[in-house]
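*Asks:* Let the sequences and hints guide you as you build the complete structure.
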Amino acid sequence: MTKAQPLTRHIISINDLTNKEIETIFEVAQGFLKELADEHIPYRIARSSGLASKSILASLFYEPSTRTRLSFESAMLRLGGATITSADPAVSSAAKGESLADTIRVISNYADIVVIRHPRDGAARLAAEYAQVPVINGGDGAHEHPTQTLCDLFTLRSKNKNLRNMKVAISGDLKGSRTIHSFVYALARFGATIDPLPAPGMELPAHVDRRLREEFHSRMVSKDSAPSESGRIDALYVTADQPHQLSLYAEPEIDYGVLQKKIDAVYVTRFQKERWTEKDRPYPKIDAKFLGEPKYAEASVMHPLPRVNELDASLDSDRRAIYFQQASYGVPVRMALISLLLHLHKNNSLHKFAGGFAKPNYPLYAQPIGTGIACTNPNCITCDPAESQYAAHKFYVIDGQAGQRLRCVYCESDIDEVVTARFAVGDTVRKTFLPGLSALTRAPAERLRHFVIHRSEAEAAAAGFAPRESGAGKVRAG
Amino acid sequence: MTKAQPLTRHIISINDLTNKEIETIFEVAQGFLKELADEHIPYRIARSSGLASKSILASLFYEPSTRTRLSFESAMLRLGGATITSADPAVSSAAKGESLADTIRVISNYADIVVIRHPRDGAARLAAEYAQVPVINGGDGAHEHPTQTLCDLFTLRSKNKNLRNMKVAISGDLKGSRTIHSFVYALARFGATIDPLPAPGMELPAHVDRRLREEFHSRMVSKDSAPSESGRIDALYVTADQPHQLSLYAEPEIDYGVLQKKIDAVYVTRFQKERWTEKDRPYPKIDAKFLGEPKYAEASVMHPLPRVNELDASLDSDRRAIYFQQASYGVPVRMALISLLLHLHKNNSLHKFAGGFAKPNYPLYAQPIGTGIACTNPNCITCDPAESQYAAHKFYVIDGQAGQRLRCVYCESDIDEVVTARFAVGDTVRKTFLPGLSALTRAPAERLRHFVIHRSEAEAAAAGFAPRESGAGKVRAG
Amino acid sequence: MTKAQPLTRHIISINDLTNKEIETIFEVAQGFLKELADEHIPYRIARSSGLASKSILASLFYEPSTRTRLSFESAMLRLGGATITSADPAVSSAAKGESLADTIRVISNYADIVVIRHPRDGAARLAAEYAQVPVINGGDGAHEHPTQTLCDLFTLRSKNKNLRNMKVAISGDLKGSRTIHSFVYALARFGATIDPLPAPGMELPAHVDRRLREEFHSRMVSKDSAPSESGRIDALYVTADQPHQLSLYAEPEIDYGVLQKKIDAVYVTRFQKERWTEKDRPYPKIDAKFLGEPKYAEASVMHPLPRVNELDASLDSDRRAIYFQQASYGVPVRMALISLLLHLHKNNSLHKFAGGFAKPNYPLYAQPIGTGIACTNPNCITCDPAESQYAAHKFYVIDGQAGQRLRCVYCESDIDEVVTARFAVGDTVRKTFLPGLSALTRAPAERLRHFVIHRSEAEAAAAGFAPRESGAGKVRAG
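Protein chains in written order, with the working numbering: chain A, 3 to 480; chain B, 3 to 480; chain C, 3 to 480.
Read the hints as simulated data drawn from the structure, not as lab findings. Some hints could be false.
Pairs involving identical chains hold if they fit within one copy or between any two copies, as the list cannot separate such chains.
[Claimed, not checked] Subject to a maximum C-alpha distance of 25 Å in a straight line, what follows is the list of computed BS3-like cross-link-like pairs (lysine-lysine):
no., residue 1, residue 2
1, K22, K177
2, K281, K98
3, K177, K98
4, K287, K98
5, K287, K169
Please read all numbers here as calculations on a predicted model, not as lab measurements.
*Replies:* If you want it as structure tokens, here you go:
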């Protein structure tokens, strides 16, 4: 009763949508945009399409927000629906110590669709597991913010006609910005070249970088390895337009000149100070001088907003500034997403699709609640004491180019093999362990609950498991 | 103009509804539940019945809430109505020092019905006195939470077909939980046997216990007077199914075996830490082990939520756990209550009924504002300095089995006679006093304003009143 | 794109509406009031007129509010519209450091009309400059609160049939109350006599007093200059009914007897403690004793609410008390204003009017952002560091009876000439300065950006400008 129905679609990561589904959302959004604009005169009194007149959207915001929450609510109201809102955790059940898992089970009885924002990475995925209605991630910790990315892509599509083969620079806090993480995955999937301009120490997280290269077929291209004068590395991610074209990439074919090519868009983000302990750090400012470089001559300037000081106010009147237009697309794009998730269109539905980006089909290691190796990301929702009774430790087992690792199902960060050792999987029935994670990937699903992962063979031995020869079942001498 | 119209019904206590009215609410709720379920597929897109399309519900919450507020708002929206919300006292007029009496007089101009939550006992009754529209108590201090009880009863009715003759165990903070107080009154009125399992020191308040026995005809049955190993007293309240059957109760007929009988439901509540100064106290945890006792084999497990640690998460998948179903009934039950209070049904209305449970008709002692004996419950709304100009000291005068007492009209707690003395009522016209409260109960209403209650004869004498012989008008010698 | 369309009307000051427009609003409000009252039975289930069924109102509240926000939202819902709300700055983008200018540019994409409350004087005017939809000032610092004044005038009109020639006493914090400032302008414009009863040290601000006399043709009449026993000065503003009748005022015609005449209304305000650093100050209390004076025998008692202690609760049952009726007019008056701003009426629209009270057409000195003399009101929105990039320093240049001065376009407070010196305007092209402000008033608009205002000739000289003979172009000897 309390678990999601199998047909319910949740949008937690941008990778929960296929490229084709994203295009479907944009077609529907384009229709709403036209409808809103038709009625724009004199005061944008939009036609309430009445599509969602029987539905309620619940906004469940555990972190400050104005634009994400209000644009979701405006979208639902423009569809003719209604909204209920819990926007301040201090005056909600959370203040009484309630877990997210309990809250979402209750709230999903009161609404037909839920949008959630939460300070913990992976919180939206956990919520979706317990919800009976579709859950949309309105931003979870430093993990993802997929609907912002939909607005960003829609903006680029309106400007450039085509999402493919763009060249996009991303500036600022690439580590802490969930917006950036959803955005770079989507850019890579649409074949973009990504030019990262991080603030010092705020590069893309290692696991995001690795996914870009391993799963989204981006290649890191750099002129030289030395940081340039500005402290940045002149490097970028070059992605094949279609993943299946990867084979076309032969080393000599890479065009190093791409480093000097015209940039289609500069995407600026604020310092996500709520995710850093050190509040005062050097941070790049994008201004007229920066945009004076010839390669930015035709670059659209984007920002998910709010901005603080990283984007000069004098740019507001620059013809390249499209960030307020970008913000204005929040309503039609979210109208499209909500109405598709609620099956309000006769001919279009996200429901019909298989769902999700065709990502590698990694084996899943899901232990009973309270057992097994825990995620090492301290901000992961599974590390929240209030949720520990409700969140199982679940990992995808990945055999990567740089060794084996575990990817947390919730926050999608990785537990890597330690440099000096290998994972070791203990078998609680046989009282033996095998080095590496292969025991998991070879075992039938029903046996997984007997396995315990250790960070090293020494740890497994210390826990009382005896080493066992791989595949042989023969116990080595101690 | 600022006082309630005589026909406006308010739901402040569960005892403001007769048993028959409660059954009416459930019939209407059952209809809404069916309607919501019909449209449940694919995503519970409920038919907006449109019944309340001309009405506005105001949520006025002075304490944290998620489920009560959102389920009320969802109910109003499902009825086709609209909502206005003030959910954070820190950003409302209360922050400027406004009294509740003033706020409700203003808000009731903006809405057609108001739900209020407040940290003070009796606040909802005060609000109702000043409102021009129906007021529903969404929880007032440790006093009552009648709509939660309606959801609880509806859940029991769905499970057990019949509300009569149930056996219900109640566990946890029976003192601080307003939910429990409304619930035990209702259980007793429907003839239930109540098995209290309080945390140490968190027994039912004395005045609630007394009302259960004196007004709701419950009898306390105990195997022996010694506390059992678990610290609890093996005792329960046995109630005649129909109050008029009380005469059937002859001492020998009581079935002591009831103590071992099967329990229909275990009702668990969290530690209401916001009502206690000592935040860390021993507290019972209901888990699989506890429910392993044979008498709980078929017991439904209920909880008003939110839970903290008092109900083990592993029970979520136990077939006896019905607390999420219980939460889901919040919407149809509240749809029924709202629509009945607003007279939106042709054939059913709370308005038609005489209203209220047939409770003893106690004489009312209502002094002009600012005068008379004050309630001794420090958390009573009448003890709030901001309300002192607006809340008269009003009491029901009760001649109980254990002596005379005054019951505050707002918080419904009692002022008992002190052990060593009697109340004394001074007559400010005659300058004399009479011992006991009989002067009040015998006087015509228009003379009440001349009377002042003292806690003892000595106090009355010290205040300058001379003793007067009862009924004789003759002054005793000093 | 980000600047307001020329036809969008904003209501920031009561002086943005002509007297005729105010009367139009009241005619429409009267219709709504009747409609609401028709449906008042049994529970004021108002006919949702459906007029605004395609529109969304955004409430953007940076300061606590209950009645203003909820009455705006109730009004929009009664019109059949919908609402989105950001009521707690601590959980909004403002918490992330976003400027008001950015927020309003984004929000005005999500709604068709915006009501804003802000702690800074002039914030609503700045918001209007950046909004694409109509902005209504719901109270900005100590500046104005025009919709409260509309409710106040509507109440007086209902009571007195005619808004003209009334005599109104205003009591309390006349300095800090934005409500009072909007109210006195309106009273003066409708020919009222205003009797100020300030708390000690809380007189009307000097610039409000001056505008009343210079622009609204009020005359200060006083019996004698000595403060009376109560600490107040027996003085009042007498205004000609029609501004063009000013010429009729010859000194001997003034009726000093007006000081003893019957008062039509006493308007009481609370101590605006949030605008004062010293929280404990003597404050007048209006009670039955005060109102016992014969001239108050027929005076309506008004209060914008919330009240704290300045208006005795015992007056609630006095027939002269109309403050709760006044509050109840919040909904129909705001329904009228919203529907007129959105052009929802066929025959009436604020849009058709020229707009604004016919005020003196002062020259405007508007410097590019970040340059020029700054407003000296520390609470002006232009002095907020977060807004400095978005708010130009703009002033009306006024040649008043008491010398030249600059009136800030946003907060409408004045920068006066210092007593011992004159302003001096430097010309950055010619490197010379002219004493006084006449250089501005005589210069063509396109030259204004070359001028810099200094507080004195000495300051201008110190800044490197050479004195220049007025009108002659000849430079004096140094």
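*Asks:* Determine for every hint whether it applies to the structure shown.
*Replies:* These are the hints, each one checked on the structure:
When the C-alpha separation of K22 and K177 is checked against a cutoff of 25 Å, the pair qualifies neither within a copy, at 28 Å, nor between copies, at 58 Å. For the homomeric pair K281 and K98, the shortest alpha-carbon distance between copies (12 Å) is at most 25 Å, but the shortest distance inside one copy (30 Å) is not. For the homomeric pair K177 and K98, the shortest alpha-carbon distance between copies (18 Å) is at most 25 Å, but the shortest distance inside one copy (32 Å) is not. In this homomeric assembly, K287 and K98 come within 25 Å of each other (Cα to Cα) only across copies, at 17 Å, whereas the closest approach inside a single copy is 42 Å.
In the homo-oligomer, the alpha carbons of K287 and K169 lie at most 25 Å apart inside one protomer (20 Å), although the nearest pairing across protomers, at 59 Å, exceeds that limit.
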